[in-house]
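Please build the complex by placing chain Z on the supplied structure of chain D, with the hints as guidance.
As given, the protein sequences belong to chains D and Z, one line each in that order.
Per our numbering, the very first residue in the first sequence carries number 1; after that it's consecutive.
Per our numbering, the very first residue in the second sequence carries number 114; after that it's consecutive.
Read the hints as simulated data drawn from the structure, not as lab findings.
Keep in mind that this is a model prediction, so the values were computed, not measured.
Backbone N, C-alpha and C define an ideal beta-carbon position, used for all residues, glycine too.
Errors might be hidden in some of the hints.
[Claimed, not checked] Calculated pairs, DSS-like style, for lysine-lysine (alpha carbon to alpha carbon, straight line, at most 25 Å):
1. Lys212(Z) to Lys59(D)
2. Lys69(D) to Lys212(Z)
3. Lys105(D) to Lys212(Z)
4. Lys105(D) to Lys57(D)
5. Lys42(D) to Lys68(D)
6. Lys42(D) to Lys212(Z)
7. Lys42(D) to Lys79(D)
8. Lys79(D) to Lys57(D)
9. Lys63(D) to Lys212(Z)
10. Lys192(Z) to Lys57(D)
11. Lys192(Z) to Lys68(D)
[Claimed, not checked] Computed footprint of chain D on chain Z; a stretch qualifies when at least three of its residues, placed anywhere within it, have a C-beta under 8 Å from a C-beta of chain D:
12. 151-157
13. 201-211
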Amino acid sequence: EDQVTQSPEALRLQEGESSSLNCSYTVSGLRGLFWYRQDPGKGPEFLFTLYSAGEEKEKERLKATLTKKESFLHITAPKPEDSATYLCAVQAGSGGSNYKLTFGKGTLLTVNP
Amino acid sequence: SQTIHQWPATLVQPVGSPLSLECTVEGTSNPNLYWYRQAAGRGLQLLFYSVGIGQISSEVPQNLSASRPQDRQFILSSKKLLLSDSGFYLCAWMRGVGKLFFGSGTQLSVL
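Only chain D is shown next, with the shape it has when bound in the complex:
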């Protein structure tokens, strides 16, 4: 069974204080690892797809990296508008599970001004 564990559950940062969120996973044949952002009361919004170990993706203050066991979402000099829940998900590449994503419980990020 595919599993995704995110840490920490919650993270408070001061504006400008860089940090990283962790996503560790076990999956039978990784087809892709995905990061989403979710604001309160809304559906998640897609951020990144990572396909293989060593791959990196960047968008504004966010950078996602991938190893064979985990992914990190690095946040550089965050601003209050980066406050949200960040979700990690994996999609298996084999069997009947290749249509679905398995999500972690997310990390609630709060950036104080």
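Leaving out everything else, chain Z in the frame of chain D:
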């Protein structure tokens, strides 16, 4: 461009009452469609997914059911709601590999 519509936004229902949540997608054909539920402390739980009209796969045994009567319509139903059915229900469609586009969600409270 593609859009996904989900309604209602909020719903308060008594225990034992029926449920019907509807989701429609515009701007694409034959999408893979999904129903997720998000409960406090449990993350996003996949309930059902569909790869075509009339094709429904269930992930979690429970008193919910799903139907896909048309290519871009996905319905979540229950004959009798339980307290444990409370949560935030999200419809989504998938483009390419793992890129899910979510609706705005329905907050369901069963009292």
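Status of each hint after checking the structure:
no., hint, result
1, Lys212(Z) to Lys59(D), "holds (16 Å)"
2, Lys69(D) to Lys212(Z), "holds (21 Å)"
3, Lys105(D) to Lys212(Z), "holds (18 Å)"
4, Lys105(D) to Lys57(D), "holds (22 Å)"
5, Lys42(D) to Lys68(D), "violated (31 Å)"
6, Lys42(D) to Lys212(Z), "holds (17 Å)"
7, Lys42(D) to Lys79(D), "holds (20 Å)"
8, Lys79(D) to Lys57(D), "holds (19 Å)"
9, Lys63(D) to Lys212(Z), "holds (18 Å)"
10, Lys192(Z) to Lys57(D), "violated (45 Å)"
11, Lys192(Z) to Lys68(D), "violated (44 Å)"
12, 151-157, "holds (count 4)"
13, 201-211, "holds (count 5)"
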